[in-house]
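Colleague: Here is how the chains run, residue by residue.
2 protein chains.
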Amino acid sequence: MNGKNNSSTFEIGVVGLGLMGTSIIVSLLVSGHPVIGIAPLPSDMDGALDRIQSQMNHADEAGLLSENVDYYLKRLHLTEDYSKLKSCSLVQECVTEVIEIKTEVYLKISQNTESTAVIATNTSAIPISVLQENVNLPSRFIGIHWAEPAYMTRFLEVTKGALTDEKIANRVLSLARTWNKEPTYLKKDLRGFVTNRMLYAVYREMFAILENGEASMDDLDKAFRYDPGSWMTYMGLFKRMDQLGLSDFKEIFENIFPQLDNSQTVPTTMQAVVKVQGKGINNGKGLYNYTKEEAIKWEEAFKDFNHEIFHLAAQYPEINT
Amino acid sequence: MNGKNNSSTFEIGVVGLGLMGTSIIVSLLVSGHPVIGIAPLPSDMDGALDRIQSQMNHADEAGLLSENVDYYLKRLHLTEDYSKLKSCSLVQECVTEVIEIKTEVYLKISQNTESTAVIATNTSAIPISVLQENVNLPSRFIGIHWAEPAYMTRFLEVTKGALTDEKIANRVLSLARTWNKEPTYLKKDLRGFVTNRMLYAVYREMFAILENGEASMDDLDKAFRYDPGSWMTYMGLFKRMDQLGLSDFKEIFENIFPQLDNSQTVPTTMQAVVKVQGKGINNGKGLYNYTKEEAIKWEEAFKDFNHEIFHLAAQYPEINT
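Read top to bottom, the protein sequences are chains H and S.
End of the first sequence sits at 462 in this note's numbering; the numbers just go up one at a time, nothing left out.
End of the second sequence sits at 462 in this note's numbering; the numbers just go up one at a time, nothing left out.
The reader is advised that the hints may include incorrect statements.
No copy is singled out in the list; a pair is fine if it fits within one copy or between any two copies.
Unchecked claim - Here are the simulated SDA-like cross-link-like pairs (lysine to any residue), alpha carbons at most 25 Å apart as the crow flies: (1) K249 x N447; (2) K225 x W439; (3) K391 x A349; (4) K225 x A203; (5) K444 x A455; (6) K426 x I242; (7) K391 x I242; (8) K433 x A413; (9) K433 x T150; (10) K444 x A454; (11) K391 x H218; (12) K438 x T257; (13) K433 x E208; (14) K391 x D402; (15) K444 x L351; (16) K225 x F446; (17) K444 x E323; (18) K329 x L351; (19) K444 x L385; (20) K391 x N403; (21) K438 x V276; (22) K308 x Q384; (23) K391 x T432.
Don't read these hints as lab results, they were simulated from the structure.
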């Protein structure tokens with residue numbers, strides 16, 4: 142991978158054709174890259190092309206394409222054959238979160254690519270530095286963590302492992318900007334990465350509020366939707382503090398920090414859901430319950446919302462920097 | 142205050158004509174109420190009407206009005222004379238966060254209203270149960286906490302103090318829905334209230350990440366804008382967990398909770414800002430620095446963003462309930 146990127150000749154491999162993998166493929170195709178999609182298991186091929194087509198149509202409806210859908214699909218090759226990765230300068234892994242399986246995938250990738258090819262993982266659970274230990278030439282290994290739907294969020298988290306070459310990290314950050322992303326750079330290999338880690342702090346607190354009977358689940362969700370939801374797409378939290386004028390924060394931190402929840406254990410509400418094998422909207426049993434119709438309605442409306450928030454966010458990229 | 146609300150004859154008092162007070166007045170006028178605005182100090186009159194007019198125009202541009210601006214302004218009476226509150230069924234206090242000052246205001250309100258009038262505070266710092274102790278007939282005292290700009294966010298936090306009559310709380314919740322709000326009900330008098338408390342958990346964690354050198358301030362803000370910012374207006378955090386399918390959360394909580402920051406002290410970054418009397422965009426010195434032009438540009442763009450996110454949020458009120 143070199144500094145100059147001409148996306149039309151810059152071939153990228155994606156290993157793993159699950160929900161996330163196909164969504165990443167669509168994002169890369171939309172950015173003009175030829176893409177080789179690898180199915181690590183034959184069954185991974187099932188439905189992959191259908192899903193990519195449907196996501197492509199979604200991207201088209203949202204006005205993200207400059208050519209027609211077929212133009213992009215012609216630049217995609219789905220296969221089980223790792224040797225097709227040969228001319229890829231970057232290979233993005235997004236297989237299941239099991240170290241042994243990922244390690245095997247990295248071996249196959251490095252056996253079938255140039256030594257200069259960057260290998261990236263989409264993991265959100267395993268430290269980059271741990272995965273890196275099992276990669277041939279670990280300095281070219283890096284975390285590129287996407288959010289769903291990958292082609293329609295500006296979020297991208299780039300994480301440097303202990304052995305990752307900083308130059309590689311910088312190149313990936315530049316490349317990501319050509320994908321219309323606003324990449325975040327995580328300089329150390331923080332457990333839980335950046336947004337997730339911050340969100341876990343909220344999860345801990347909100348389960349505590351719920352379980353203390355102070356507010357209902359629905360009210361906690363509403364409060365977040367209508368308060369932070371009314372400014373978060375415009376500004377992050379440090380900026381929000383500046384906007385509010387900062388004056389009371391020191392005192393509030395002094396008063397509130399000692400009262401925040403510091404639990405280290407899984408909230409009982411969550412344990413109860415796990416016990417009944419709740420999979421949220423996937424099986425209707427979750428923190429809330431859903432009929433099949435409700436789950437569908439809810440996912441459909443989210444697609445519409447995606448369009449809108451993506452375009453809204455795109456109007457305010459620079460004002461904050 | 143009775144159960145049936147006809148806003149055109151339901152008079153509401155607002156005591157305190159600062160930024161928040163005028164913004165609340167605009168919200169109540171837009172909802173059709175006649176409003177008595179009380180200036181607790183003569184100087185509170187300065188600029189209050191100008192601000193209300195300008196906020197009214199903002200609401201008008203955003204398409205929130207069914208009549209012209211003058212129609213609403215005719216239903217407003219600004220005065221220093223508490224006796225004008227006589228026929229108000231609800232009086233909202235939004236003066237400075239000093240218990241003694243608030244207590245004095247409550248005394249004047251109760252001396253000038255019927256004993257059935259509800260008295261509400263906009264405090265975000267003092268527990269309702271504490272303020273309530275000094276109110277004549279404390280069962281009709283309640284927290285109604287607004288977010289800025291009050292006429293253009295759906296957020297409203299209703300907090301029951303230890304002595305508040307639950308029937309009063311339910312009436313306020315019903316009333317708030319006629320104001321186009323999605324009120325959150327806080328059943329116990331939680332320090333920091335709901336959203337703030339959840340956000341303080343994030344603040345604590347993000348300052349820790351920053352001060353450990355793991356990610357920059359700008360990157361932390363970007364991550365929040367583009368990840369949670371891409372779904373938060375659509376769904377709260379419990380719903381988000383359900384959407385993600387819940388499967389890995391138990392394990393992640395077990396791993397991450399013990400690693401989250403549990404500090405009880407003010408972060409050093411914040412202490413440094415307090416030391417130089419940083420007031421964020423108000424004086425250009427904050428967590429970030431701002432020229433006067435940048436501060437203005439940034440506030441102007443936020444007004445535009447407000448319109449857009451308000452209307453976007455309004456399209457998805459029911460799907461989640």
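Colleague: Now tell me if each hint is right for this structure.
Modeller: Do the hints match the structure? See the list:
no.: 1; hint: K249 x N447; in the structure: neither (36 Å within a copy, 50 Å between copies)
no.: 2; hint: K225 x W439; in the structure: neither (39 Å within a copy, 48 Å between copies)
no.: 3; hint: K391 x A349; in the structure: both (23 Å within a copy, 15 Å between copies)
no.: 4; hint: K225 x A203; in the structure: neither (31 Å within a copy, 54 Å between copies)
no.: 5; hint: K444 x A455; in the structure: both (17 Å within a copy, 16 Å between copies)
no.: 6; hint: K426 x I242; in the structure: neither (30 Å within a copy, 50 Å between copies)
no.: 7; hint: K391 x I242; in the structure: between (47 Å within a copy, 22 Å between copies)
no.: 8; hint: K433 x A413; in the structure: within (21 Å within a copy, 53 Å between copies)
no.: 9; hint: K433 x T150; in the structure: neither (44 Å within a copy, 45 Å between copies)
no.: 10; hint: K444 x A454; in the structure: both (15 Å within a copy, 14 Å between copies)
no.: 11; hint: K391 x H218; in the structure: neither (56 Å within a copy, 37 Å between copies)
no.: 12; hint: K438 x T257; in the structure: neither (46 Å within a copy, 44 Å between copies)
no.: 13; hint: K433 x E208; in the structure: neither (36 Å within a copy, 43 Å between copies)
no.: 14; hint: K391 x D402; in the structure: both (19 Å within a copy, 17 Å between copies)
no.: 15; hint: K444 x L351; in the structure: neither (29 Å within a copy, 33 Å between copies)
no.: 16; hint: K225 x F446; in the structure: neither (37 Å within a copy, 46 Å between copies)
no.: 17; hint: K444 x E323; in the structure: both (21 Å within a copy, 23 Å between copies)
no.: 18; hint: K329 x L351; in the structure: between (33 Å within a copy, 11 Å between copies)
no.: 19; hint: K444 x L385; in the structure: between (32 Å within a copy, 15 Å between copies)
no.: 20; hint: K391 x N403; in the structure: both (20 Å within a copy, 16 Å between copies)
no.: 21; hint: K438 x V276; in the structure: neither (43 Å within a copy, 48 Å between copies)
no.: 22; hint: K308 x Q384; in the structure: neither (35 Å within a copy, 36 Å between copies)
no.: 23; hint: K391 x T432; in the structure: between (46 Å within a copy, 24 Å between copies)
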